[in-house]
Each structure stands twice: as structure tokens, then as C-alpha cells.
Amino acid sequence: MSVKGDRMKKAAVIMSLCIAFFFSALGWAVEPRVSEDTEGCLECHSTVCPNIVEDWKKGRMSRTTPAEAMKKPSMERRVSFDKIPTSLTDVVVGCAECHALNSQKHPDSFEHNGYEVHVVVTPEDCAVCHPLEREEYSHNLMAHAYGNLKNNPVYQSLAKSVNGSQSFSKGKIVYGPANEETEAESCLFCHGTQVKQKGMVKRETDFGDMSFPVLTGWPNQGSGRINPDGSKGCCSACHARHQFDIGMARKPYTCSECHKGPDVPAYPVYQVSKHGNMFSSLGNGSSWNYETVPWVVGKDFTAPTCAVCHVSLLVSKDGTQVARRTHRMNDRIFERLFGLVYAHPHPVSADTSVIRNKAGLSLPTELTGEPAATYLIDRAEQERREKRMQQVCLACHSNEWVKGHFDRFKNTIQTTNAMTLTATQILLSAWDQGMARGPAEKDSIFNESIEKMWVEQWLFYANSTRFASAMVGADYGVFDNGRWYLSKNIQEMLDWIHLHKPE
Amino acid sequence: MSVKGDRMKKAAVIMSLCIAFFFSALGWAVEPRVSEDTEGCLECHSTVCPNIVEDWKKGRMSRTTPAEAMKKPSMERRVSFDKIPTSLTDVVVGCAECHALNSQKHPDSFEHNGYEVHVVVTPEDCAVCHPLEREEYSHNLMAHAYGNLKNNPVYQSLAKSVNGSQSFSKGKIVYGPANEETEAESCLFCHGTQVKQKGMVKRETDFGDMSFPVLTGWPNQGSGRINPDGSKGCCSACHARHQFDIGMARKPYTCSECHKGPDVPAYPVYQVSKHGNMFSSLGNGSSWNYETVPWVVGKDFTAPTCAVCHVSLLVSKDGTQVARRTHRMNDRIFERLFGLVYAHPHPVSADTSVIRNKAGLSLPTELTGEPAATYLIDRAEQERREKRMQQVCLACHSNEWVKGHFDRFKNTIQTTNAMTLTATQILLSAWDQGMARGPAEKDSIFNESIEKMWVEQWLFYANSTRFASAMVGADYGVFDNGRWYLSKNIQEMLDWIHLHKPE
Amino acid sequence: MSVKGDRMKKAAVIMSLCIAFFFSALGWAVEPRVSEDTEGCLECHSTVCPNIVEDWKKGRMSRTTPAEAMKKPSMERRVSFDKIPTSLTDVVVGCAECHALNSQKHPDSFEHNGYEVHVVVTPEDCAVCHPLEREEYSHNLMAHAYGNLKNNPVYQSLAKSVNGSQSFSKGKIVYGPANEETEAESCLFCHGTQVKQKGMVKRETDFGDMSFPVLTGWPNQGSGRINPDGSKGCCSACHARHQFDIGMARKPYTCSECHKGPDVPAYPVYQVSKHGNMFSSLGNGSSWNYETVPWVVGKDFTAPTCAVCHVSLLVSKDGTQVARRTHRMNDRIFERLFGLVYAHPHPVSADTSVIRNKAGLSLPTELTGEPAATYLIDRAEQERREKRMQQVCLACHSNEWVKGHFDRFKNTIQTTNAMTLTATQILLSAWDQGMARGPAEKDSIFNESIEKMWVEQWLFYANSTRFASAMVGADYGVFDNGRWYLSKNIQEMLDWIHLHKPE
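Residue numbers (our numbering), protein chains in the order written: chain Z, 1 to 503; chain E, 1 to 503; chain F, 1 to 503.
Okay, chain Z solo, but in the shape it has when bound:
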């Protein structure tokens, strides 16, 4: 389209906006179809926990019925159901529509002022209107984050070394286990707790004595939460209650809740990338539009947020699809960069507790780096995923630019794996010479000083260097938490074994 025509259109848009504003202002005042049950909830909760109600009112669900949502052209649709119960069709999605949905399936349902309500809304509830998203999400490692941690003896040993108690006695340290509360606010805060009803408690309220369920592992909004109904996941991990604003999920702050530390520094890397700069400089006021579906490249935003590359349905201004929406984020992730000793092809199954390497450990590679290939996607699948991601890159960059970027990234995967191997060899040497106690002594591989140095080599430094490469945030990958430490740490490990040489 020529620039000329484009400008004429803009004039038309200005006028339309004025008209639209008038009608939307009018429409705003039009009575929404709130169910009687929800009106009942609102009655008290406008004063009890008032922010919940106000927050919900600001969201789209308080203004739209599922029937209206389905009428939209397919590209603009935010729901994916074929059919839902008629009782839900023509009322907005309010308190009762979620918290009193299918009560019989929720062990935490309880009688509350004449309603059967459950505290923990689960992906099964959301799936009534969003079945495709639930299905896709279930194939993510994140959906299995609880089991992937809890059912993996290697991870359990690491978790104990971090969260467990340590007491000092006669010149020695004795490790104890971590208690449940500690775990819930450490690893399981993001991975998800197991939420189960363990009884009821009576409490005096402004409305008289009332009973409420007592839940284990509560509160929690971890991505792989095990819910009372047995389902896995927590949609509000990213889609914060009760506004459920799509724009919030599209902004990088949401991802940063779990992806900021040195173990998975996606957010700090993003911040120092050109993309992050553009988001902060250009997109952080009111000039970008985070609410539209589909999301229009160039019009609604100028540089990617996390969601742009990993999740959202993108189109160019002429309506051509740039990327399909996916809640299975690994669709575009060909290599797993973090959380394990070596970067490796993405696991086939989102349930990684099934993985065993040749040494029998629950690790996707050997300690020396060879991948446990049976459990990992093959080269063909890696290429498919890489291509999918590159389709997003190509909305803003040339083929040569993109190729140059991915070449460097792959090189970085190799060099950082090599630097981890070097650290591993130093550790193996320390074990061999009896300076530290390792697998041969059936001791944890995470509890001694030299072992912790080794962990930092891959969990922090190799991994940060790879993120900085993948997301073009070089500053983080050099002196901030990357190559400087990757190389320095090796010298410090070397120092350590020299000082601990058996005499």
C-alpha cells in the first residue's frame, strides 16, 4: 500500500475514533448481563475484599458474554470452545461462573451463603471457554513443573542443598531437610505447590460465624501447581486475577516474576537488549496497544516482548498471519538453555521425570555432556522449531541478519557447554582424589563448596551467557553474569583443588 493512501486512511481513523469513543462511552453505561448468582457474590464482596470486585470490573470478562466472544471473526477470537453450557452463554463471566463451576469436581467446594463455591479455580474451569489454550499449555515443561522437580532425585538433592537446614557441630556441617513452608516459598513458589483440602475452619465474620476450607500449599500461583481437582497448572500465574488483562500477560514484567534470577535471566537480558530498550522507551506509555487480537506488528508494537516471540497471534498490517498463537511455548524452542548441566535439544515429553541417562541419573545428558538422545527431540524437530521462531524474527529483520544471529547463538551453545565440561572435569578430579565426596561415596553432588562452584558454572554463568546470546542482550552476558564469571570460576575451581591437594 502506498504511503499516500495510508495517510488518507489515518484521517478517516481519527474521525472513527471520535465516533467510537462516543458510542463506547454510551455502551459503557449499558447494563451488562450479570448472572443472579454473581450478583449475589458482588453484594457482599463489594465491601469484603473490595479490590477483587473492582479489579474484575476493569477486565473484559465482566463486560463480555461467551456468546458475544464467539461471534467475533476467528482471528479476533479470545475463546476456543465449540459449545458451552447454555447457562453460561449469555451472562458475563463473573464470580459464580468460575468459582461455582462444576462444584462436584472440586474437593475444595464448600457451602458459602447458599452457594457451593471452590476457592481454587483451575485450568479445568478456564478450559470451559479456553480448551485449546489449556491443551496446548499442558505440553509445556511449566505445566509439569511440580512433578518434574519432585519426582527427580537429582533435583531433589539440589533442592535439599539449597533449602535444607545446616547446623554446625564439632567442626562439621550437618544438612537437614527443608520444611514444607520453606519449599513453598522457594522452588515451589514458581514450580507450584500441591494444593489439597485438609479440613475446614470456622471463623467469625461481619456476617456471623462461617466455615472456610483449609488448604495445603496455599496460597500459590506457580505454573505447575497441583490443584485439588488433580489438574496441573495455574492460569493466573500469567493472567493475573481478577482483571485477566491480556496486555499484562503480553508485557515482560509478567514473565519476570519467575525468569529474572541468575538461573534463568530472561528478563535482565531482555532489559539490556535493543528489544527491551524499545519496549521501555517507546512502548511503556500509551503509544503501543497491548489489548488487540490479533496483535498487529508495527501498528500495535514496534519491538517484541516475551509474548511476541513465544506466544501471541501476530499479523502484519494487511492481515497476513506472521505467527499463530500458541500456549505450547516450546513449539518455537529448539534447545533447552537452562536448569541443567548442559544445553541440549528440548525434551520430547513435558514430563521430564521419565528421563534417565546412561548412568541412570534423571538427567537429559551424561555428566560429560552427551545427550540422552532417546528422550530429546531430533534434529528435524529442532529445525522445525527454529524455523517457527525465525518467522517472527523476519517480521523485522532480513534473512541474513537472522542467520547471523542464530549462527552465533549455536556457537555459544557449544562454547558454553565446553566451559561447563572443563568445570566438570575439575570436579571429577576433586572427587577422584578424595578432596570432595561424590557419587562414588553415594554423597550428594551439590552439598560441598567445590560442587557449588560447579553448579554456578552451568546454572548461572553458562546459562546466562546463552540467554544473552539468544536474546541479544550482550551486556548481561559479558561482565554482568556471563563470560567473565564463566572463565573466572574455572580459575577459582583450579585454585580450590590446588589448595585441597591431599598431601
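Please note: incorrect hints may appear among the correct ones.
[Said to hold, decoys possible] Pairs of lysine-lysine, DSSO-like flavour, derived with a Cα cap of 30 Å:
id, chain 1, residue 1, chain 2, residue 2
1, F, Lys501, E, Lys160
2, Z, Lys160, E, Lys274
3, F, Lys358, F, Lys403
4, E, Lys160, F, Lys403
5, E, Lys358, E, Lys442
6, Z, Lys403, F, Lys150
7, F, Lys403, E, Lys58
These aren't lab readings, by the way, just hints derived from the structure by calculation.
Since chain Z is already given, all that's left is putting chains E and F on it; use the hints.
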């Protein structure tokens, strides 16, 4: 209130807004009552230091007289005086109203173009209109931050080990004291300097030769600044001159000036919390209102900033008070989390230099953790404070949610204190065996390598883990600066004593 | 000007704004003069790489012709040419105007659908309209960042120790060189790569088979990039393509891309300064204006961003110039704070590879701190630069305030240099006693553990303390990455030499 009625109201609000805008635009043009003295200041300072004038013009004080401010309904009032000098009542609060107020009480007052003005506006000046706020603030540790540091020998020893010089000679390090300039931009930058007039200096200006006071410890905006008039504190630490925008004080960036480092990581923890995410995602454009008094939960904001939980007057939409305004922030703080070896009940007196533990040290606990109970609030007061804080939580969360959160937090206080005790025992063992020189040798407990490792255990890691728990920013408390280091540091200290064993 | 008159003006401004909006809306619809060549580019690229086109459309260059830009009063002008080719005068600056400009000078020009275009737009291209900015920029260290690194053997040794491979064999580490891809995403990411055409590649496209140039070191947007036409620099390092929004360059996020790590922590220091707080609290919505030229202190912004102090043309509200625009940022920098062992007067020549100290090393000081004075600016020039910077400070602060600040800063330069000297003396002692291999053994001074501790003393801690002082972000300079580590590191180095004492 029903949703239906609520929507009708919104239509009315839209119309009112239009009308309000028209009148506010008109009103904007109405002449403010600027005093003659202030007009005199503005004359020159519109060109000399012009930003000061422009900044002030943008603020509320340049547009409102104290008389008008007092006319507001009590919940909307931003001032707390009973009576003020009539000369101040009907003019806006301009340059002269603060900088020429009660000149005789200000040793730094000087003759300036026919006016007696003082450079350093102090809480005594602000208290003319805001006496309650000054009074409340004076009960904070922050108000006594200068003396609490300067009059505590333990802290002075720590400060010297950080800010002092170190020179190398014959294989040894000799510590020297820190000079005044270093202290002013290290600890005292936030704690406050002592500002005293030490003379006058003559300077050539565009308006001829003029004399200006020379001040010690200047500039400084620390929270516990000792002012020339003997008062303590600096309102502009949080209420930045000369706009004094309430919205600025309500945003977390203000608190982050002093609360960002590993010793008091409130801000980085907030950033990765759901609250921080909501502030950044939803509240950082123009959709939240940071200017209203009282501050309406749900309407003006959807998630808390620092001020919401610790300071501001909050109401729900129907006008019910959720929390009273307090400038005595410890009203809601039952435990002191940071800055000392062990977390402990909040001190009774804001002047902590009076505290002595059984060992005679200026510490609120023994080195082994037992609280110096006489100087600390008791369990009943702790509970009152906890309840006050929970009132804020309950505006958005259920009782069970809140209880679950606080149970975890208390568990974390215990486990982190235990991990500090372990580190302390290692240090005691190092002192006992003569590997390092401690209290027995009358040596600083902060100046050697193993002692500095011990300091990091509580000043950085235990403390960060507690903040992450208190403010639900788990990501910071696991690998970023929390449990990972809390547990690793113990292994490193153990390593250290093994390597330094006397032979 | 009196406040009264000022308010009346505001009423007028409100009316003007309404009228202005009407006409700008109209004007928006007016046809821009896009060249035929650019229309040709837009034809395909509206669908191929669509964001490039949309991004450009949002920028000023797509709406303004050079002729119009020159008509502005000189203070409002954003261009600095005397004369440009007539073919460019009356069309907006579109794709062809940059990518097909002076093709014969660009070795990476290639035939593309009937046009001769080059991929890499260079400062020579931008200089057609912005010759003064190009000239000024060329005197920055940043413009020479590639050569300053590549042609300095000391830096090359440091780079190898960071980016090179390390392998473990028989208890020893062997260092290997870094490969080109690693360098391109480590140091050279910000310093700039050398971009050269190394051939063409044929690729299947939606428009049939086409050929594209293959470039070395591509992509890259480093500040000292060596371009195919031999020029140095990359304007889009700060002025991001293709919107080239001046507001983006004026926001601190842009500088943070390269100035965030512990080696040059300008951005994290800014964040915790009062200035940074005001930017985030007051200036990060829509209330400040980042687009105007000249930039009006107090009206457009209330607190400085990086650009305010270092680059932008500033005036006060009455039109008086506060600071001239300069793209030679060292105009106002009297001391070099970072990147070298000791802070020292700024180098005379932006090409620092010419520097040799008495020991023959490419360093601006001796290892013991004495400056290599011949290569550095003298005291008189330092004072001129300091004065220039202070002119900016004085727009908001009094002379005494500014003097107090600079006195502290100079004190900090001295004390941090002294702390570095102490660390150097410990290192020299380690070399002397054969604990580590240094210059005497012709070994790298960066590759061993104790040497890396020494590097952190100046590259991270001394330097961070200085930045915190210079930019008044104390919190970063105490416990975050400053004096705490500066003093602790010395104790750790001391520990190291005690443990490694030859027996």
C-alpha cells in the same frame, strides 16, 4: 452496590469529567495568591536555577493556600495543622513561605537581596502545616538514622571496615579511618549527614557580589539528616523538591533510592512479586491515579506500592477506611528484618543507640540470637502491628490466603535466623582457634575475610530471603540473593576454617 | 515572569492545543512527498519485513523533507548541513534516500530489483544531513571503540582471558583463543565488529531467486563498528532504526544497553539516584516531553536523563541556552572513570591505542597509578570540561550544592584509586614471590585467580563506587557493588597470598 447501578453511574461520571475539565481548565487560568515575598524570589530565580521554579509551579503547593487545603473534608485533607500564622493562610506555599519561615530559628539564615532566607528547609518548617506527619515520622528508625549509626560503636566499626582506607605494607593490611566526604556519600547519604553552618563565602554573580552560607555535610537528603536548627530528618528524602508530588512518594521508585541494595532489597523483591508486576504492567502508564486523597482501593490502583501497605490513607470505593495514614511506618512492622545479625521484634525506641545486649554490645540480640527483650516490643504489640498490616492485605485477599502467607513468613524468620546462627558458630570457632582476631583480642569483628563472609550471611542473604518472603518476591530469595547463597556461604566458611586450621 | 501572567498563558495554551490538534489531524492526512524510489521499496517491504516500514512511518523522517527541516529557526533545527543534493531536498527521508545513497562508496552495494542498495547505512550516509553530529561523534572514545580494543595488546590479553576457551588436562588449565562469533557477541557487541562484504548468496524468495550480500561481523550495531565503506560508528546504536525517535535516544534505556554491567554501571546508579527516581516516577508516562528541540528545562522535563547532562541542547523557559548540543560527549567529561586500572584525566586523542606508559604498556597510567600525562588532557582542559558540566547542574542546583557534590566526587576518585593501589601492591607481591606468573614471566596479567580478583577491584568495584559518586546513586556504591566489595576484596586477596605462601 449492583453492577447495573454502577454502570449508570459511569455514564454520569463521563459527563462530569467533561464538565470538570472545562472548569479546571478555566480554574487553571485563575490567578493564584502568590505572596509578595515569593514574587520577589521568582523574579530572579526564573532565570537563576530555573528548574526549581518550574518544578514548583507544577506542584499542588503553588496552586493551593493552606486555608483552602483545610476546607476539605477531613478524609481528603493533606494538611494537619490546627492554626497557622495568618500571614500564611491565604497565599500559596511558595519560596518565601518555606525558605524565609522562622528565620531566627535557622542558624543558616542569611541576608539575601533584602530577605532573611535559609537554605535548609527542615521538618520544623514543614510541620507548620503538617504537624501530625512530622510527629509520626519522628518515631521511625529513619528519623534517627544519623544517631543510630553514629552513636553505635558496633555500627561504627562496621562502617570503618567498609569506608576506611586500607594500605598494604610488609604483607599486612593497615586500616585507616574514612574521611568525611567518603562517609557523606556512603552510609550517611541515606542515613543523613550533620548539616551545620561553618561560615559564609562571597561569590560573584550576575547580580553582583553576594554572600552565601557554607555548610558541612552538604548537599544531603538523608532520612535522618541533622539540620542546622537541630531537627532530625529531611522530608524531601521522599517528597522531592520542589514539586512535592504525592504520587511520586507513592511510587516504589522513591523508596528504591535507599532500599535497593542487597542489605535492604525491598525494591528488587517488589519488582519480581505479583504486586510489582501489576504496578509495572497495569499502573505505570496513566490508568492508575496516584494523586487522590484518600486513595481508593480498586478504583485508583489495583495492586499495592510500598506506600499502600506502609503509609497511605486507604478507603474502599464506598468510602470505608481500609487503613489510616501513618508516617510512623513501624506501626505495621512487627519484626525488624534487616541491618542486624538476627531478625528480631521491632525496637521500642526509634533511638536504638540506647540498646545494650547482655554482652554489653549495642545490638538488639546476643551474638547467638537471643533478643535483648527489654528494648524490643512485646508479643502483644507485635500482634497489634501484624493485624494492622493484615487489614491492608485483606482488601484483596481472603483470610486464609493472608494466614498462609504470614505463617510462611514467620517460618522464614526462624529458618534464616538458624542459618545465621550456624554461620556465627563457625566464626566463633575461628576466633576460638585463633584463625581470626575477634572480641577477645579487642579487634573489630568486621575487618577480616571470614568476618566479612559472616556479615554477608545476615546482612545480605538471610535478610534478602526474609524480604522475598515478606513481600512475596520468591525469585529474588532463591537464586538471586537468597537461599542459594545462604547455604553456599556456610560451605565456604567451613572451607575457610579447614584451610586456616592451625597446624 | 510572574506566576499570574503565566497562568493566563496556560489558558491560552489549552485553546491553542485544541486548535493545533485539529490542524495536525488534518495535516496528518496531507500527502507526504515520498520519492519514487522509496515508493518502490515500500511496495514489497510492506509485506516483507513489514515492521521496518511501519516503524519508519512512525518517525519524523517519513514526514519531513530536508528542505523543511532546514527552514526551522536554528535552535529548533535537527539537521546541520549547508547544502545537500537537490534530489534529496524535497522528498522525505525514506528507504532509498539512505540505502541507495552514494552506492559507489559502499562495497556492500548490490543490485536489488533494479536498485543499487547497500545494507549497512553508515555515519557517512547520515552525515549528508547531519555532518556536525558525525564530526563531533568521531571525537568520542566510542567512535574508536573497535580499534581501541583490537589494537591494544593489554586489552587483547584481557579479552582472551574472558572470551577464550579453557580446557583441563593433567591438573592444569590451557587457555585457547576466542572464536569470531564469540567476540562478536561479547566485547564487540558494544564496541562494534568489522563488517566486510565476503560474497553473495542466492536465496529463494516470494519474488523468485535473489542474491544478497554476505557480511562478516553481521549483524552488529556497536558504537565503533567498522563499516564496509571504512567509516567508524553506527548511529543506530543510539538512534534505533527505523523510527529514529529523538525521545528514545534521550531516555536512559538506550544508554543502558551498553552501560549497565558492573564494568560501567551508569544505568543502575542512575536508577537509584534522585534523578532516576524522578524520571521513573514523574517522567515515564506522558507528562514529560522528549521530542522537542530545543529541550526546555522545567517545562519538558524536571530531572535529567543521560542525554540532558551529556548531549542535548537545553534552554530555559525564557529561551536562554543552558547547554549546547554536543555529540562529543567528552566535552563535559574531565576524568575517565572506568575501563582502566586507575581513574585518570580523559585522553587527548579518541584513538587510545597510541598511548604508552613508561613501562611500555598501552595504559594511560603506570601500574602504580601515575598518569601517562603526555596522552591525557591537562588541568586547564579538565577545568573547562568540569565547568561545562556544572552549567547543566546549575539549572537545578545552587553553586554550593554543586561544589559540595564535585568535592566529594574528586575525593572519591582519590580514595578509590588508593584502594586499587593497595590491591595492585598485593598482586605485585604475589608475582614477586612466585605465587602467580606476571609480566616478568611474560605471562598474561589477567588469567590467574589472584589477577582476576585484582581486575574486579578496579573494573567493578572502584569504578562502581566512582559512578555512584559522580551520579549521586549512593545505594549502588555502598553494598550493591561498591565500597563493601572494594574493602572485602582486599581482605580476600590478602587471604589468597597467605594461603599460597611458598613454604
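Evaluated hints:
no. : hint                : verdict
1   : F:Lys501 / E:Lys160 : holds (28 Å)
2   : Z:Lys160 / E:Lys274 : holds (26 Å)
3   : F:Lys358 / F:Lys403 : violated (35 Å)
4   : E:Lys160 / F:Lys403 : holds (26 Å)
5   : E:Lys358 / E:Lys442 : holds (17 Å)
6   : Z:Lys403 / F:Lys150 : holds (25 Å)
7   : F:Lys403 / E:Lys58  : holds (27 Å)
In summary, the structure is inconsistent with hint 3 from the numbered list given earlier, while agreeing with all the others.
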